[in-house]
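K.L.:
Here are the chains, one letter per residue:
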Amino acid sequence: MFVTSAFAQESAPAADTSHAATEGDTHSGTSVPAEAHGTFPPFDPATFPSQLLWLAITFGLFYLFLKRVVMPRVGGIIEVRNDRITQDLDQASKLKGEADAAVAAYEQELAEAKTKANAIGQQASDAAKAEAETARKKVEAALDEKLGEAEARISSIKANAMREVGSIAEDTASAIVEALVGGKASKAEIAAAVKSVAR
Amino acid sequence: MAADKVDPIHQFHINKLIPIEIGGYDLSFTNSALFMVATVVVAAAFLFLTTSSRSLVPGRLQSVSEMAYEFVGNMLRDAAGTQGMKFFPFVFSLFMFVLVANLLGLFPYFFTVTSHIIVTFGLAALVIGTVVVYGFMKHGLGFLKLFVPHGVPVFLLPLVVLIEVISFVSRPVSLSVRLFANMLAGHITLKVFSGFVVSLSALGAVGVAGSVLPLAMAVALTALELLVAFLQAYVFAVLTCMYLNDALHPGH
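Those sequence lines, one after another, are chains U and B.
In terms of full-length UniProt numbering, the first sequence opens at residue 1 and continues consecutively.
In terms of full-length UniProt numbering, the second sequence opens at residue 1 and continues consecutively.
Please keep in mind that the hints were generated in silico from the structure rather than gathered at the bench.
Among the clues, some could well be false.
[Unchecked claim] Pairs of lysine-lysine residues, derived as DSS-like cross-links and limited to a Cα-Cα distance of at most 25 Å, are as follows:
| hint | chain 1 | residue 1 | chain 2 | residue 2 |
| --- | --- | --- | --- | --- |
| 1 | B | 86 | U | 67 |
| 2 | U | 184 | U | 195 |
| 3 | B | 138 | U | 67 |
| 4 | U | 158 | U | 146 |
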């Protein structure tokens with residue numbers, strides 16, 4: 001389809017050596033279409049009117065189609081999307097505000113509950129302290145009473161003992177006097193003597 | 001006939017498909033016209049069909065259409081400001097037309113519409129014509145301030161104005177020649193290297209082995225041409241935006 005082998009054999013060495021040579025070689029062998037007039041096709045003025053006309057027609061229609069149909073549509077799509085995004089963002093910020101308010105309310109309630117709990121605890125501990133205090137006082141009073149009783153008994157026992165000490169001393173003294181002197185001392189004298197010594 | 005196939009110029013020939021002649025002018029429907037129609041139909045159908053579902057979350061092809069739309073829109077807004085947006089359909093049409101024409105031209109056996117200077121010149125003349133007509137419509141003779149930059153000493157003014165006028169006049173030429181020359185040169189180079197492959201491989205085993213090099217070159221060039229096809233459409237659209245900016249704000 002591309003090249004007959006005969007042609008390729010002939011032109012390949014030229015292609016190898018230089019590109020200009022190839023161009024010249026092949027160009028001279030070219031059977032150009034009739035309307036090309038042998039000039040370089042892009043510079044052939046004979047094709048200008050037709051190309052300009054068809055460019056005007058095609059580009060004009062293209063311009064109108066884009067302006068009337070495509071661009072309003074694409075612009076609309078993008079606008080709708082932007083609206084939707086701003087709307088969603090608004091909603092999100094609204095929801096965030098609500099969430100923030102809920103958090104604040106929760107925190108306030110928590111603080112209130114904390115103070116309430118503290119107050120209740122304080123109250124309970126105060127009551128317990130007072131109760132303990134009264135119980136302690138009761139116990140102390142009972143102990144004091146018992147102490148008083150015991151002291152009274154001790155003192156009475158002591159008094160009795162002291163009283164008996166006097167009579168024992170008198171008895172002992174009269175016995176000693178009897179043994180030593182051989183006489184009998186009067187009871188009153190001995191009592192006086194014991195008293196003076198005890199003093 | 002075999003020679004045609006290796007002739008790198010052959011691809012640029014215009015063939016009449018439906019001969020039409022009106023008033024002595026040859027207005028035939030040619031292969032060039034056929035590919036203009038193909039370009040327009042492909043571009044329009046792509047933009048139309050990919051956006052037909054109007055999805056809120058775009059699919060791949062719809063994204064491509066939207067990207068092209070926003071790409072050109074941002075380009076125009078950056079260059080010419082929001083006032084320039086009234087030219088958005090024009091610039092978008094130009095960009096899509098040139099891009100699709102360039103890309104279609106990359107297919108083997110397809111005609112490249114933009115490789116003909118009269119086509120690119122027609123588009124460039126349309127751009128400059130729009131700039132001149134809109135400039136005079138909007139600013140009247142104030143549009144001529146375009147040629148008189150601010151803060152230039154009076155004795156230099158004639159020279160500067162002359163330079164400005166020459167640069168303005170050369171705009172349609174540079175705009176059209178840039179696109180035309182890029183497409184022409186790229187396609188000739190591609191054809192030459194592909195021709196080497198065919199010619200070499202006809203030489204036998206050694207030739208087939210040797211033809212690997214130009215084949216690799218042709219593959220690389222095809223990738224390059226793909227880039228150039230996009231780049232030239234972009235450059236054409238960007239320059240159009242900048243020239244339109246002159247029409248909107250001639251004082252700058």
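K.L.:
Evaluate each hint against the coordinates.
P.N.:
Evaluated hints:
no.: 1; hint: 86(B) <-> 67(U); verdict: 11 Å, holds
no.: 2; hint: 184(U) <-> 195(U); verdict: 19 Å, holds
no.: 3; hint: 138(B) <-> 67(U); verdict: 22 Å, holds
no.: 4; hint: 158(U) <-> 146(U); verdict: 18 Å, holds
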